[in-house]
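Given chain A, put chain B in place with the hints provided.
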Amino acid sequence: MKLLSKDLLGIKELTKDEIILILDTASGFKDVLKRDIKKVPALRGKTAVNLFFEPSTRTRTSFELAEKRLSLDVLNLSVTTSSVVKGESLIDTALNVQALGADFMVIRHSSSGAPHLIAKHINATVINGGDGINEHPTQALLDAFTIKEKIGRIEGLKIAIVGDILHSRVAKSNIYLLAKFGAEVRLIGPPTLVPKELEELGVRIFHDMDSGLDGVNVVMVLRIQMERQGKGFFPSTLEYSKNWGLTSERFRRADKDAIVMHPGPMNRGVEVASDVADGPRSVILEQVTNGLAVRMAVMYLLAGVRE
Amino acid sequence: MPKELLDKKDIDRILARMAHEILEKNKGTKELCLVGIQSGGVHLAKRLAGKIKEIEGKDIPVGSLDIAFYRDDLNIREKQPAVRRTEVPCEITDMKVVLVDDVLFTGRSIRAAMDALMDMGRPSCIQLAVLIDRGHRELPVKADFAGKNIPTAIDENVEVSLEENGLEDKVTIK
Numbered sequence: 001m002k003l004l005s006k007d008l009l010g011i012k013e014l015t016k017d018e019i020i021l022i023l024d025t026a027s028g029f030k031d032v033l034k035r036d037i038k039k040v041p042a043l044r045g046k047t048a049v050n051l052f053f054e055p056s057t058r059t060r061t062s063f064e065l066a067e068k069r070l071s072l073d074v075l076n077l078s079v080t081t082s083s084v085v086k087g088e089s090l091i092d093t094a095l096n097v098q099a100l101g102a103d104f105m106v107i108r109h110s111s112s113g114a115p116h117l118i119a120k121h122i123n124a125t126v127i128n129g130g131d132g133i134n135e136h137p138t139q140a141l142l143d144a145f146t147i148k149e150k151i152g153r154i155e156g157l158k159i160a161i162v163g164d165i166l167h168s169r170v171a172k173s174n175i176y177l178l179a180k181f182g183a184e185v186r187l188i189g190p191p192t193l194v195p196k197e198l199e200e201l202g203v204r205i206f207h208d209m210d211s212g213l214d215g216v217n218v219v220m221v222l223r224i225q226m227e228r229q230g231k232g233f234f235p236s237t238l239e240y241s242k243n244w245g246l247t248s249e250r251f252r253r254a255d256k257d258a259i260v261m262h263p264g265p266m267n268r269g270v271e272v273a274s275d276v277a278d279g280p281r282s283v284i285l286e287q288v289t290n291g292l293a294v295r296m297a298v299m300y301l302l303a304g305v306r307e
Numbered sequence: 001m002p003k004e005l006l007d008k009k010d011i012d013r014i015l016a017r018m019a020h021e022i023l024e025k026n027k028g029t030k031e032l033c034l035v036g037i038q039s040g041g042v043h044l045a046k047r048l049a050g051k052i053k054e055i056e057g058k059d060i061p062v063g064s065l066d067i068a069f070y071r072d073d074l075n076i077r078e079k080q081p082a083v084r085r086t087e088v089p090c091e092i093t094d095m096k097v098v099l100v101d102d103v104l105f106t107g108r109s110i111r112a113a114m115d116a117l118m119d120m121g122r123p124s125c126i127q128l129a130v131l132i133d134r135g136h137r138e139l140p141v142k143a144d145f146a147g148k149n150i151p152t153a154i155d156e157n158v159e160v161s162l163e164e165n166g167l168e169d170k171v172t173i174k
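First to last, the protein sequences are chains A and B.
One point on numbering: in the working numbering, the residue at position 247 of the first sequence is 247, and numbering is uninterrupted.
One point on numbering: in the working numbering, the residue at position 142 of the second sequence is 142, and numbering is uninterrupted.
Okay, chain A solo, but in the shape it has when bound:
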């Protein structure tokens, strides 16, 4: 079994078998992360460039550490310091980075489809680190890894995703992945952020949080993007939090062994209450650790694809 494409652009493009291969490989890397020496020589001599056209701390640091632990040489380019501010085009930037000898390019961009465009023009492996409102595939993979680790399976689970689904690439990637594994996905949030059209993705939509959470095994809480406030999507953060914030009282509606996930960064007291985020059913920090193992697995496997 191997990955079929040199790039990881989205979950949509992966088969279920490829996802299983990535998750199984990530278990091996998690063993490595438990040792004193958390580095392996697997990709020694290769170079990774993290090309971030949008601010990111956690995804970039996670990729950077994953790359270092695979013995890759790492270069970080962020938009504020690059020639992009001088007007260089996206493809020219990518071609220049490739000319430096990059084997991997991790790309984060505010436009949906930017990594796909770059992948068409270069030979280096492109990994989507989040593109616009389209996908954030490694986040969905680390979420799946965490669910499998905690509950043992994904098949047949009831999984609620709460918040701004419309603008969330994390939600999109998770919806695609969970559908491939046969989980029941419920989307919860205000009609402005969880429009009915999303039902086309094969999910159930709830605007009432309590009924949506009934008996679920996993609650994925999304960050309410403060920049959406005042644009008419919801009246105020206070009102959002009153209706769709995950409090310990609401969380009791879920299955007694349910877990709480959040891709970060969290707005405590808005979309999730602190006692839930820090509570015994929260796996939020384990998601961060698992992100390393999953990103190592993705890069290790992509390095083996010959086209």
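Hints may contain errors.
[Said to hold, decoys possible] Pairs of lysine-lysine, BS3-like flavour, derived with a Cα cap of 30 Å: (1) Lys30(A) x Lys79(B); (2) Lys30(B) x Lys142(B); (3) Lys174(B) x Lys2(A); (4) Lys96(B) x Lys34(A).
[Unchecked claim] Residues on chain A that point at chain B, a partial pick, calculated with CB under 8 Å: (5) Lys2; (6) Ser27; (7) Arg35; (8) Ile37; (9) Ala42; (10) Tyr300.
[As the list claims (entries may be wrong)] Far from chain B, some chain A residues (derived; all Cβ distances over 12 Å): (11) Lys16; (12) Ala179; (13) Ser211; (14) Arg281.
If you're looking for bench data, these hints aren't it; they were derived computationally from the structure.
Cβ coordinates follow ideal geometry from the N, Cα and C atoms, glycine included.
Just chain B, lined up with the frame of chain A:
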């Protein structure tokens, strides 16, 4: 046409002898630990530990080691090797570690395994136990305990099949 070199009884006798040799060389089970290389070596390591228990009445730690990340052919292989679990149930620093593998051929897996072990700690020594030594070394590697030396041609294939994998215990060459 595959030719059978060893059957179930042969393998069992060889492992019994190797268990005795390991105990003799190490003067018992003190600070002794067996680490099998994924996947064939892991089953053999468990069987050797069982024999050692029969002889000495003591349990010794048995681990499994995946060497995928340490291979020297990642750049030239058709696809990445499957990654299996690495689980060593004890601190290996200051332990006598016996690496166990099914077939010793070029010695490259053993080089990778030694590098992997060194990243986990500093064993007091590493010894090597293999069921079959088929020759054709490409690195200066030698087995401390060899079940059977089998002269082979470089293009021949030695296969160790084991009950743990749902097969019948035997060693064949083709």
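Item checked: Broken hints, by number -> Every hint satisfied by this model.
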